[in-house]
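Those protein sequence lines, which keep their order, are chains A and B.
First residue of the first sequence? That's 41 in this note's numbering, and the numbers climb one at a time after it.
First residue of the second sequence? That's 80 in this note's numbering, and the numbers climb one at a time after it.
Careful, some of the hints might be misleading.
[Claimed, not checked] Here are a few chain B residues that sit away from chain A, every Cβ distance over 12 Å (derived from the structure): (1) C115; (2) S121; (3) V125; (4) T126; (5) K127; (6) A130; (7) E154.
[As the list claims (entries may be wrong)] Simulated pairs of lysine-lysine, DSS-like, Cα-Cα distance not exceeding 25 Å: (8) A:K155 with B:K179; (9) B:K147 with A:K110; (10) A:K168 with B:K89.
It is worth saying that the hints were derived from the structure and are not from the lab.
Bear in mind the structure is a predicted one, so any value in this text is a computation, not a measurement.
Here a beta-carbon is modelled for each residue, glycine too, at the ideal position from N, C-alpha and C.
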Amino acid sequence: MTATDFVYVTYIDTTPEQLWQALTSAEFTRQYWGQRGIQSSWQTGDTVQLLKEDGSLDWSGRVLEATPPKRLCYTFDPATDDEMPGYQGARVDLTQPEKPSRVTFEIEPYLGKVKLTLIHDQFEPSSKVLPGVSNGWPVILSGLKSLLEGKSSLFPDWR
Amino acid sequence: MKTDMNDIFKALADPCRRELLDRLTEKNGQTLGSLCQRMAISRQGVTKHLALLEAANLVVVVWHGREKLHYLNPEPIQQIHQRWIGKFEPQRLQALATLKQALEEK
Chain A
41 MTATDFVYVT
51 YIDTTPEQLW
61 QALTSAEFTR
71 QYWGQRGIQS
81 SWQTGDTVQL
91 LKEDGSLDWS
101 GRVLEATPPK
111 RLCYTFDPAT
121 DDEMPGYQGA
131 RVDLTQPEKP
141 SRVTFEIEPY
151 LGKVKLTLIH
161 DQFEPSSKVL
171 PGVSNGWPVI
181 LSGLKSLLEG
191 KSSLFPDWR
Chain B
80 MKTDMNDIFK
90 ALADPCRREL
100 LDRLTEKNGQ
110 TLGSLCQRMA
120 ISRQGVTKHL
130 ALLEAANLVV
140 VVWHGREKLH
150 YLNPEPIQQI
160 HQRWIGKFEP
170 QRLQALATLK
180 QALEEK
């Protein structure tokens with residue numbers, strides 16, 4: 041692990057099983073991830089794809105570990121330089137692809153609720169992927185929390 | 080919930096703790112030892128401040144082998160952002176921030 045990892049911890053009023061569903065099913069991700077659907081068999085070594093509303097690829101990766109409802113780990117390789125609305129930071133250079141980084145979700149029960157830890161690591165030095173994901177994950181994960189806690193969609197206009 | 084807004088603002092109210100957060104913004108994932116360097120307070124002091132930041136969920140610890148690394152957790156700040164700023168258009172706020180910066184550089 042290097043000094044440039046992204047770490048995010050949030051506590052959600054849900055169950056580990058529901059959170060697992062929300063992270064791994066396209067029907068759920070579309071509701072908090074800018075209408076994007078996640079696709080995978082969730083077998084180790086298989087591909088993971090995040091597809092936009094128009095069917096185009098946002099990013100892809102491979103499943104490194106899927107242990108429901110505890111730990112989900114996949115590689116992350118952006119296919120576009122799309123970022124969140126209003127984002128002004130560095131963008132991915134698609135002509136000079138970086139090696140895929142790694143996304144890990146850890147799900148643990150905590151006082152009757154659930155602790156979700158996201159670690160996004162294994163970036164290249166001075167990665168152009170890191171600034172965008174550091175901006176994007178808080179938006180995605182707070183939308184996920186709102187959804188699971190039964191509130192209406194946090195960013196319904198984001199595509 | 081583990082923390083409430085009071086914990087977050089209490090944790091942010093101290094200059095030493097804000098300095099620790101600044102250092103993690105500069106370089107995320109540091110050991111206690113590296114965070115103690117160039118701090119005007121003792122190692123025990125830093126440990127105490129880190130404990131408060133952790134209690135507010137502003138700092139999280141990830142073990143890497145035998146190394147305990149401290150990371151800035153953007154989640155509480157995202158909550159603050161959502162509550163008071165999120166409803167405004169981010170582009171406009173960004174434009175104002177850029178304008179302020181440009182004017183102050185003159």
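Status of the hints after comparison with the structure:
{"no.": "1", "hint": "C115", "verdict": "holds (16 Å)"}
{"no.": "2", "hint": "S121", "verdict": "holds (24 Å)"}
{"no.": "3", "hint": "V125", "verdict": "holds (18 Å)"}
{"no.": "4", "hint": "T126", "verdict": "holds (20 Å)"}
{"no.": "5", "hint": "K127", "verdict": "holds (21 Å)"}
{"no.": "6", "hint": "A130", "verdict": "holds (16 Å)"}
{"no.": "7", "hint": "E154", "verdict": "violated (5 Å)"}
{"no.": "8", "hint": "A:K155 with B:K179", "verdict": "violated (39 Å)"}
{"no.": "9", "hint": "B:K147 with A:K110", "verdict": "holds (22 Å)"}
{"no.": "10", "hint": "A:K168 with B:K89", "verdict": "violated (34 Å)"}
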